[in-house]
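J.: Sequence order for the protein chains is U and G. Per the working numbering, the first sequence starts with residue 859, numbered consecutively. Per the working numbering, the second sequence starts with residue 278, numbered consecutively.
No lab work stands behind these hints, which were simulated from the structure alone. Glycine is no exception: its CB is placed at the ideal position from the N, C-alpha and C atoms. There is no bait here: all hints are sound.
According to the in silico footprint, chain G covers these stretches of chain U (three or more CB under 8 Å from chain G):
no., region
1, 1235–1243
2, 1265–1272
Using C-beta positions, here's what the derived DEER-type ranges look like:
no., chain 1, residue 1, chain 2, residue 2, range
3, U, Asn1128, G, Asp338, 47 to 55 Å
4, G, Asp398, U, Lys1254, 22 to 30 Å
5, G, Glu315, U, Gln931, 42 to 50 Å
6, G, Asn307, U, Leu1294, 52 to 60 Å
7, G, Arg290, U, Lys1254, 20 to 28 Å
Straight-line C-alpha distance at most 20 Å; calculated PhoX-like pairs for lysine-lysine:
no., chain 1, residue 1, chain 2, residue 2
8, U, Lys1252, G, Lys344
9, G, Lys337, U, Lys1239
10, G, Lys344, U, Lys1239
11, G, Lys344, U, Lys1246
Next come the chains, spelled out residue by residue.
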Amino acid sequence: MDIRYWNKDVETADVQKIRHLQLQRLKSIIASALKTPFYSRRLPSVGINSPDDIKTLDDLRRIPFTMKDDLRQNYPKGLLSVDTSEVVRIHTSSGTTGIPTVIYLSAKDLDAATDIMARSITATGAGRTDILQNMMSYGLFTGGLCMHYGAERVGLMVIPAAGGNTKRQVSLMNDFRTTVLHITPSYLLHIHSKLAEYGVKVGDLALKKAFIGAEPHSEGTRRKIEELFKIDAYNSYGLSEMNGPGVAFECVYKNDLHLWEDAYIVEIINPKTGQLVPDGQEGEVVLTNLIRHAMPLMRYRTRDLAFLHIEPCKCGRTHRRLSRILGRSDDMLIINGVNMFPSQIEEVVMKIPEVGNNYQICVEKDGALDRLIVKVELYSKMFLGEAKQIDNLKSKIGEELKASITIKPAIELHEPGSLPAFEGKAVRVVDTRPKL
Amino acid sequence: MKIKQISIFLENRKGRLYDVCSLLGKNDINIRALNVAETESFGILRIVVNKPDVAIKVFKDADIVAKITDVIAIEVDDRPGGLADILKVLADEDVNIEYMYGFVEKSSDRALMVFRFDDVDKAAAILKKHNIRIVTEQSVREL
Ligand SMILES: [Zn+2]
Chain U
859 MDIRYWNKDV
869 ETADVQKIRH
879 LQLQRLKSII
889 ASALKTPFYS
899 RRLPSVGINS
909 PDDIKTLDDL
919 RRIPFTMKDD
929 LRQNYPKGLL
939 SVDTSEVVRI
949 HTSSGTTGIP
959 TVIYLSAKDL
969 DAATDIMARS
979 ITATGAGRTD
989 ILQNMMSYGL
999 FTGGLCMHYG
1009 AERVGLMVIP
1019 AAGGNTKRQV
1029 SLMNDFRTTV
1039 LHITPSYLLH
1049 IHSKLAEYGV
1059 KVGDLALKKA
1069 FIGAEPHSEG
1079 TRRKIEELFK
1089 IDAYNSYGLS
1099 EMNGPGVAFE
1109 CVYKNDLHLW
1119 EDAYIVEIIN
1129 PKTGQLVPDG
1139 QEGEVVLTNL
1149 IRHAMPLMRY
1159 RTRDLAFLHI
1169 EPCKCGRTHR
1179 RLSRILGRSD
1189 DMLIINGVNM
1199 FPSQIEEVVM
1209 KIPEVGNNYQ
1219 ICVEKDGALD
1229 RLIVKVELYS
1239 KMFLGEAKQI
1249 DNLKSKIGEE
1259 LKASITIKPA
1269 IELHEPGSLP
1279 AFEGKAVRVV
1289 DTRPKL
Chain G
278 MKIKQISIFL
288 ENRKGRLYDV
298 CSLLGKNDIN
308 IRALNVAETE
318 SFGILRIVVN
328 KPDVAIKVFK
338 DADIVAKITD
348 VIAIEVDDRP
358 GGLADILKVL
368 ADEDVNIEYM
378 YGFVEKSSDR
388 ALMVFRFDDV
398 DKAAAILKKH
408 NIRIVTEQSV
418 REL
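Construct all of the structure, not just a fragment, from the sequences and the given hints.
T.: Encoded structure:
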């Protein structure tokens, strides 16, 4: 097995050394946090007024969890610790009800995040001779740019293809002899279903690896991808709030994801009680970012459900491995790698006067891709009697949803009373995709 | 001059058209003209009935989405080119037809057609000018 390290000392450091590093970095993050409007109120309320109030890593648990809603309520600058002149990059992601969340990176933060990304890429065995086609969207979303920076640092040749335009993607793969893809698993499967149409065979391409992430997927999906493309597929975990991909990544053994513990403190909690669960047990992933000072974030509830492996990995890395994501502890939907909440859809459709009382969100598989259908009832008083009006209304709802959730769902209009009513336990989301 | 058409919004569900028609039958309402504009996911049923005001109430009580719109019913000579003559007049006068459909029954030797115009009043005036016979609400009721 070709085991490569980006930073062998840190990656194979013994547990004591990692914990010591975590404590030092946590103190430093506390110092930055105390400069933010948000944590400068929250930390003193639990008796933390200076980094010296943190004596051991256990003191971390005195700090209350930070929720996505905290980020939303403190948008845009409540968690910023420095003047914006110190900031070199922001990323935003959509919030539960339309207010986005934002992260800020200083030059030093970006450098540290890039280094962690470089470490993740190297752990898969990819290196300078590889050609990476980065098919995650660039822009406000962290997925594209953060991988891009990490890959450049390792020295791969990067094709910043971003998402979409499947035919062009395949041409790029073919023309530039792409060896590594960064992509969502559903899109990769979709591409396979299109190859015949483009007259391209898997054997014509030079693919060796894929970094698959941004949406939970099963071991079966990974195997399917590996068999169809004759490649190795590595699971990637990250979230915008923690700088995007590269929080945890699989090594060449592809036996779940090393979570880089010098950069993140991971806790697994019972989402109902907030208590730590015993090692190896499934719970919600809670992360503290140790490498971002412009916008500190501590004990952030990711809402992702997973567990930590206790056994060491054959690659020699000492950083514990996170299981693949097993689900969510909230109602967030991930549609073709795009995150959204049912509440965002509700907010849009209920504002439209022609829409009646009820709505339903349906998610299904359409080939390899996910398909989102938003069903709404027509408000009878607003009906003008013409098919044209209904068509216009459907496109209007589609456009307004796209502005909020970034993808355009199929819209179905129904007669009043035909969808499950609001009262009681109405099933608002019907997700018929196969379970992981 | 103008007559009342009822437009009904129907989702594409088996038996929905039957539901609407049987509801009219039960309430002793006769359909004089009928047309369905169908798309992939919904349909608009357009009907002209003998008792439009009763029908709209029946629909409302049954939670069926219905709306009265104004249309014009025209008597068309039942001979080759009869409809074409009328369409030519309308085209020459620059009247835009949104859609048209036929009545179920005929009145003597003339066919009855329902026309929906984007400007109903303008269309009515032009038809009158060209002596094209317009069916009144009264005669629809008595058909
Ligand atoms: Zn390993």
